[in-house]
Amino acid sequence: MISDLLIAFGVGGALCVLAQLVVDVGRITAAHVMVLFVVLGALTGGLGWYGPLVKWAGAGATVPLPGFGYTMVEGIDRATQTEGVLGLLTGGLTAAAGGIKAAVVFSLAAALVFNPRA
Amino acid sequence: MRSGVMRVPQEKDADYLALAARHRPPTPVWRNAVRAFVVGGGVCVVGQLVTDFFEVHGQTATRAASPTAVVMVGLGALFTGLGLYDRLVQAGGMGGALPISGFANAMVAPAMEYRREGLVLGVGAKLFTVAGPVLAYGLGSAFLVGVVRLVVGS
Numbered sequence: 124m125i126s127d128l129l130i131a132f133g134v135g136g137a138l139c140v141l142a143q144l145v146v147d148v149g150r151i152t153a154a155h156v157m158v159l160f161v162v163l164g165a166l167t168g169g170l171g172w173y174g175p176l177v178k179w180a181g182a183g184a185t186v187p188l189p190g191f192g193y194t195m196v197e198g199i200d201r202a203t204q205t206e207g208v209l210g211l212l213t214g215g216l217t218a219a220a221g222g223i224k225a226a227v228v229f230s231l232a233a234a235l236v237f238n239p240r241a
Numbered sequence: 011m012r013s014g015v016m017r018v019p020q021e022k023d024a025d026y027l028a029l030a031a032r033h034r035p036p037t038p039v040w041r042n043a044v045r046a047f048v049v050g051g052g053v054c055v056v057g058q059l060v061t062d063f064f065e066v067h068g069q070t071a072t073r074a075a076s077p078t079a080v081v082m083v084g085l086g087a088l089f090t091g092l093g094l095y096d097r098l099v100q101a102g103g104m105g106g107a108l109p110i111s112g113f114a115n116a117m118v119a120p121a122m123e124y125r126r127e128g129l130v131l132g133v134g135a136k137l138f139t140v141a142g143p144v145l146a147y148g149l150g151s152a153f154l155v156g157v158v159r160l161v162v163g164s
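If you read the protein sequences in the order shown, they are chains E and H. Heads up, this note's numbering is the position in the first sequence plus 123, with the first residue counted as 1. Heads up, this note's numbering is the position in the second sequence plus 10, with the first residue counted as 1.
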């Protein structure tokens with residue numbers, strides 16, 4: 124339990140350091156790096172590298188954005204096994220549905236309820 | 011003839027770029043890295059505690075990932091609304107932005123800021139300033155990976 128938390132801390136922190144280095148050394152914006160890391164999660168997921176990291180590090184790998192790309196790739200993989208080619212179009216969003224729908228609904232609610240500070 | 015007209019420095023001008031680089035304050039790369047590590051690791055520990063909660067309540071490790079994402083997104087939206095998550099991003103840089111709670115922050119913050127431009131083109135559109143590109147390229151790359159896997163696998 125405690126070791127799970129330490130591994131999540133180390134791996135999640137390391138992914139964020141990597142992203143921070145790309146921002147600082149590569150001089151690109153945080154938004155570009157967020158896009159880059161989702162794509163990297165999808166690519167490393169497809170190569171079979173991100174899955175073992177998720178198994179080992181749990182939330183340390185699933186909570187950072189590469190985990191989002193990995194989730195889409197895994198969802199497509201599962202869906203193509205049962206639905207064939209159509210799964211290419213349904214699998215990604217199905218697997219990421221919880222996160223995406225929550226992001227849209229909660230963000231909309233927060234933006235409507237809270238007032239920005241001047 | 012351009013004589014007598016003071017030349018305005020252009021973004022692509024080599025001299026101007028060199029001058030700008032000399033005057034740019036040095037980026038504290040090491041300090042930023044340490045902060046990103048501590049804040050990002052901390053957010054992931056919260057995520058792991060949420061995952062553990064769902065596992066204790068009968069989800070497998072794989073199935074706990076989705077409700078964990080939901081909770082982390084909810085926390086990110088809530089703390090952005092309260093004005094606290096932006097401080098976390100200021101302190102931790104990508105340590106605050108890279109976790110999925112930072113994805114929610116990147117949706118809520120511009121939507122709140124542009125609320126005066128209306129509910130449709132202000133809030134509705136600005137929600138997707140960062141989320142739009144992330145979803146477009148995430149789903150796009152996942153599609154391509156899926157095609158390759160389908161072709162290679164068959």
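Mixed in with the good hints, there may be bad ones.
Stated by the list, open to error - Interface residues of chain H toward chain E, partial, derived using beta-carbon atoms under 7 Å:
#1 A30
#2 P35
#3 T37
#4 V39
#5 G51
#6 V80
#7 M104
#8 L108
#9 V130
#10 L131
#11 V133
#12 A135
#13 A152
Calculated directly from the structure, the hints in this document are not laboratory data. In this text, a Cβ means the ideal position worked out from N, Cα and C, and glycines have one as well.
Quick rundown of the hints versus the structure:
no.: 1; hint: A30; in the structure: 12 Å, violated
no.: 2; hint: P35; in the structure: 12 Å, violated
no.: 3; hint: T37; in the structure: 5 Å, holds
no.: 4; hint: V39; in the structure: 5 Å, holds
no.: 5; hint: G51; in the structure: 3 Å, holds
no.: 6; hint: V80; in the structure: 4 Å, holds
no.: 7; hint: M104; in the structure: 4 Å, holds
no.: 8; hint: L108; in the structure: 5 Å, holds
no.: 9; hint: V130; in the structure: 12 Å, violated
no.: 10; hint: L131; in the structure: 13 Å, violated
no.: 11; hint: V133; in the structure: 5 Å, holds
no.: 12; hint: A135; in the structure: 11 Å, violated
no.: 13; hint: A152; in the structure: 4 Å, holds
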